[in-house]
Amino acid sequence: MRRVPAAAFVSLLSLGSMSTLHAQDVDADGAGTDAGVIDSIVVLGTARENTTALTSTAPVDVITPEQLRQTGAVTVNQALSKLHPSFNFPQGQNAVKGQGVRSASLRGVGPAYTLVLVNGKRRHLSAQLSGTDPWPAAQVVDINTIPVNAIERVEVLRDGAAAQYGSDAIAGVINVVLRKDSQGAELGGRYGGYSDGGGETHQLLGNIATSLGEDGFVNVSIDRLKNDNVDRSEADWRQLFPNGDPRNETFNKKYGQWGQSTRDNWTALINAELGLSDSVRAYGWANYADKSALNYVNPERIVKANTRVASATEPTRVSETAVIPVYPNGYQPFMTYDAEDVAAVAGVRYEGAALGDLDFAVSFGQNETGRTTENTINPSYGPDSPTRFYLGSWKSRTTSVTLDYTKDLNIPGLQSSVVSSGVLYRHEYWGVADFGDAAGYTSGPLAGRTIASLYGPGGIYNQYASLFPGVNFATDTSVVGATGSSTSGINPIDAGSVTRDVYGGYAGLDFTVFDKLDLGLTARFEDYSDFGSTTNYRLTGRYEFIPAVALRGTLSSGFHAPSLAQLGNQSTGYTSTFTNNGTSILTPGRTRLFRSDDVQAAGFGAKPLDPEESTTISLGLVLRPTSTGSVTIDAYQLDVDDVITITDTIQGATVTSAFNAIGLNGYTQATYYLNAWDTRTRGVDLVGRQQFNFSAGTLDLTAAASFLDTEVESVHRSVNVGGTDIIVIGNSRIRDAETGVPKSKYILNGRYSQGPWSLELTGTYYDSYTYNVGNVPGLATPNGNIDQEFSPETYVDVGCDYELLQGLRLNLLVQNVFNKYPEKYVDGNRSSGINPYSFIAPNGASGRFIQGGVTFTF
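Quick note on numbering: the sequence shown equals residues -23 to -1, 1 to 835 in mature numbering (1 follows the signal peptide of the UniProt record, and there is no 0).
Worth double-checking, as some hints may not be accurate.
Calculated cross-link-like contacts (lysine to any residue; reagent style SDA-like; alpha-carbon spacing at most 20 Å) [claimed, not checked]:
| id | residue 1 | residue 2 |
| --- | --- | --- |
| 1 | K720 | E770 |
| 2 | K801 | S768 |
| 3 | K203 | L789 |
| 4 | K720 | G643 |
| 5 | K157 | K203 |
If you anchor each label on the Cβ, the simulated ranges turn out as follows [what the hints assert, rightly or not]:
| id | residue 1 | residue 2 | range |
| --- | --- | --- | --- |
| 6 | F502 | G727 | 16 to 22 Å |
| 7 | Q392 | Y327 | 49 to 55 Å |
| 8 | S768 | I388 | 55 to 61 Å |
| 9 | T631 | K231 | 42 to 48 Å |
| 10 | F795 | T452 | 54 to 60 Å |
| 11 | A579 | K231 | 19 to 25 Å |
| 12 | F795 | Q160 | 41 to 47 Å |
| 13 | S768 | V339 | 29 to 35 Å |
Derived from the structure by calculation, the hints contain no laboratory data.
None of the values given here were measured: they were computed from a predicted structure.
Beta carbons are placed, not taken as given, at the ideal position from N, Cα and C, and that holds for glycine.
Could you build all of it, start to finish, from the sequences and the hints given here?
Here you go:
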């Protein structure tokens, strides 16, 4: 398998920088240029004023609104993944899980380890536990609730910073800085779609600003996004009807749908600030989002679903999930996630040279996410079953009060120093907001009935028996289960909520020992009402050998408390399990997701969750060969202990006996969250930028790469249930963490601007990645499920901007110019044949996307 060698890429960076010695050396002058980016002032990761991305003691990236716009991405997450190789944001179809909330990650670890700030204030979490392959379900920030046109810039700290910002800042911090325009308006629209069909996208963007008082502003942004689904399914290769049914020859087997979800989003944000006096300013912002995402679930067929092709027995039996009068040809359910998200911050900032700066703020955020499934059925209710089920909703809420203080100090022996400190209080809530429809989680009158009793003489389906001349209903003892194939709704027995109170404080000192050496030390203490106290530290340093060469490094500890959803979520389902190769198993019984601290769960090996803890060490080299060019090389090691994930399904005779022992008769499967393993991730990030200024125009070049390797250690592989050791973490889960993300990613970008024109070309390379299933034998094909390594992928994007008139700008974007698709699944890894591509494809599997847009500024 051919790979791009890292040494060659480093050489490319060096040659690109050295060649600039023969170019014109002038300072950057415009916002959005690469030189402007590297000289941008940053506030993330430091208390110092006038710190830039290159003079910072840790790697910080600044992403301008021009860069966000030029990616053509319609969401913030998608844009960030295109702009920096350290971001991982798989964009493939993800079936049911992960469609409501999808979040980017840093440094190859899960998105729960990246803290998101807005204007420096912590953003609240979504209510939904989102599982975005290859990472396990976690409660994350939905950054796409922020209108893309409300952003002034995005700062990304690629380093552990829990001592400065608190829990979650293990892999890094994203700070979204909002626009502060005090006049003008902007209206824009985008329209696009995929050349192979589907994904028709409409986006309307509006922004208006006005002054407030003598030196304040009000800035309002609205983002309306709507796109159709993308269908890249192929024909279902299974036998769809019983033997002898003529529809096996005539039915169109390309009936299922597989691809990116339908989205319908409204987001709005207002940002304001007002001077109350020369030294006191009031500020605040409010954000509202209404989001909906729809995606399809795997289809159900009429024939008993456990073989791909005809066999001697099974294709002569009707599936227990089928209700022939309602869906005579089978059915494909679809799931809709609806989320309502609100957030607000209000604060007062005092800026005094003598006393220092004070910042007092109150923050509030709330998210409610609900689910609905349609085009499905509860077979235990027979023909009277609804075909649409509201499945209930969850709610998450956070209230924070913070007081931050910074002051320049004159300390003998030091050239300059800045002290920073603060205190905080945070209240968090998560719970069930609404139950689902009763028919979605209860058993109807046909539950437990055999197929023979329904289709045989006197049965309610007997009139349909003649449709299947090859089926002997009189001998079919298969039992109808309690619910259908789609996800069960929230049951009242699973109601509950959890809360947490956090008190904390921090103190830090950044100082310059002499002209060339900057050092920093921060310590934070936090007390959690449910986990006790934690103390974390962060040490930073930067030594400048000469103005063009500097060395920087950090050492820090981190802390990530289990999310309230991981602590409080519990559910009751039914033993209808689906494997990716088309196998469906349906037997009478229930399945239980336990809270880890539930006393009943102890009999299955569960223990109360411990916090995840981390240690990060990084060392970086900063090169500034010209005034408009830079190269940064940052190596790191990130250790995370007690990683939280959900167990594999625990089942078997011993498990059933354990259920019976605690009075849960009829239950056969159990799962719960646990501290599963430790990880060590080592990596290197490289970023090179250079601007060339010519008499005719300006050329900006960027070359960036990320290399990483993750190892899983100290696995909590099994538990003891009733004297029997049962595997709870299988090999595939471990390999997912190690190989589910490309080990390297390269981005090459060039942008040429001349007068009203701007032309951009971007190439992105993803190294190989692996879909892991543990080499489990399956029934769909002779080889069954197998671990599959996918070949590296390269994609090219082209964009063009043209200012037709003053204030009127047109743009055209083509993503994936050559219409490349990732390598397909081998047969054994497909869901009945309809899904040809992996869930974890880093660039998705939709093909070429073409988009045009217009922006009018006045």
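Numbers of the earlier hints that this structure fails to satisfy, in rising order: Per hint list: 4, 5, 6, 7, 11, 13 violated.
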